[in-house]
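Heads up, this note's numbering is the position in the sequence shown plus 5, with the first residue counted as 1.
Any given hint could turn out to be false.
[Claimed, not checked] Simulated DEER-style distance windows between Cβ atoms:
1. Q213 to A285: 42 to 52 Å
2. Q204 to L57: 23 to 33 Å
3. P261 to D73: 56 to 66 Å
4. P120 to F65: 41 to 51 Å
[Unchecked claim] No farther apart than 30 Å at their CA atoms in a straight line, the calculated lysine-lysine pairs in the DSSO-like style are these:
5. K138 to K195
6. K195 to K287
7. K138 to K287
8. K292 to K195
Just so you know, the hints here were simulated from the structure itself, not pulled from any lab data. C-beta: ideal position from N, C-alpha, C; glycine also.
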Amino acid sequence: MSNKSELVRRLLPGIEAVLLEEAMRDTQNARTKAQRERSLELKEVGWLEGELPRIAAAAFRWLDSRLDEATAEARAQGLMVPLEASIDLLSPIGRILDERSYSQALAYLLSPSEPHALGQGPLRAILQHIASKSASAAPAIESVLPFLAQALTEPERELVSELDGQRGRTDIWIEVPASAPQLMVVMEVKVGHIITPGQLERYEAACQRRAHELRLPPDAVVKVLLTIEGEHEAPGWTSVEWQDVAALLSFLAGSPGDGAAFLRLYLAAILRNFYGLSSAPKSRAAKAILLSYLRRARIISPPSPITTPHE
Numbered sequence: 006m007s008n009k010s011e012l013v014r015r016l017l018p019g020i021e022a023v024l025l026e027e028a029m030r031d032t033q034n035a036r037t038k039a040q041r042e043r044s045l046e047l048k049e050v051g052w053l054e055g056e057l058p059r060i061a062a063a064a065f066r067w068l069d070s071r072l073d074e075a076t077a078e079a080r081a082q083g084l085m086v087p088l089e090a091s092i093d094l095l096s097p098i099g100r101i102l103d104e105r106s107y108s109q110a111l112a113y114l115l116s117p118s119e120p121h122a123l124g125q126g127p128l129r130a131i132l133q134h135i136a137s138k139s140a141s142a143a144p145a146i147e148s149v150l151p152f153l154a155q156a157l158t159e160p161e162r163e164l165v166s167e168l169d170g171q172r173g174r175t176d177i178w179i180e181v182p183a184s185a186p187q188l189m190v191v192m193e194v195k196v197g198h199i200i201t202p203g204q205l206e207r208y209e210a211a212c213q214r215r216a217h218e219l220r221l222p223p224d225a226v227v228k229v230l231l232t233i234e235g236e237h238e239a240p241g242w243t244s245v246e247w248q249d250v251a252a253l254l255s256f257l258a259g260s261p262g263d264g265a266a267f268l269r270l271y272l273a274a275i276l277r278n279f280y281g282l283s284s285a286p287k288s289r290a291a292k293a294i295l296l297s298y299l300r301r302a303r304i305i306s307p308p309s310p311i312t313t314p315h316e
């Protein structure tokens, strides 16, 4: 076997569709680059151009095969339930990218006292994920897990800044347990909007005032930025992506009851409207995105349903 054939044989199994498309675009300019960088001979570039169709076909077969495997595994784990929904919660009412709708729906699901019959499951899954991303917050989060049934989850908590007197609101405010809080979580939700100047500083000041009232140590005050692509980062804030929320809560979406049906359609809205995901992607790019999501979801989602009593 020639060196060239051996090289192609070894390349085939590991080429992703997205990387392949990038390689094909790069190769179109390879002759000019070779002359400029003097790193490739033109005949070698010509050989690579000739091999690209065969590499592409093999890569697309590889993508289809891996997606089939990932889909089967995800279905067994419950991750496909929202993706297989025929409709989503917010598209029919024209709220596809309405930040407030997504935020209020999530606050509802994160409140164990609401009548969704999902118990502590959603709140527990999200808090444990935050703990996995923030070593400083993990001990405080773990300490309150036995008290999640007593959590207070408040959407749109009104604030008046002592810094400039401006009024504002936090998207989701959580205290556990409500009677004598040992943990405070403030979530700022973003769906395409930017963080305005001074916004996070006002929230931080409000957190400090409340923490002082409760005599909470700094590590018991957790600030979370929830965004589509992790595009916002700020010191002292833990970044969480919407696709992680979907993966973390999908295991509950197949449960019986109206609350699970609400959750299923809500997660379908997140996955479709933010990421363009569906259970039957048409294009190769959509297949690659779905494969990436399913692989990520398998890593972070609970290995088995979290059972929680309904207090």
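Do the hints match the structure? See the list:
1. Q213 to A285: 42 to 52 Å: Since Q213 and A285 have Cβ atoms about 49 Å apart, the given range 42 to 52 Å holds.
2. Q204 to L57: 23 to 33 Å: Cβ of Q204 to Cβ of L57: about 48 Å, so the range 23 to 33 Å is violated.
3. P261 to D73: 56 to 66 Å: violated (29 Å)
4. P120 to F65: 41 to 51 Å: holds (47 Å)
5. K138 to K195: holds (19 Å)
6. K195 to K287: The hint holds at about 29 Å.
7. K138 to K287: Violated. K138 to K287 sits at ~34 Å, over the 30 Å cutoff.
8. K292 to K195: holds (26 Å)
In summary, the numbered hints that this structure violates are 2, 3 and 7.
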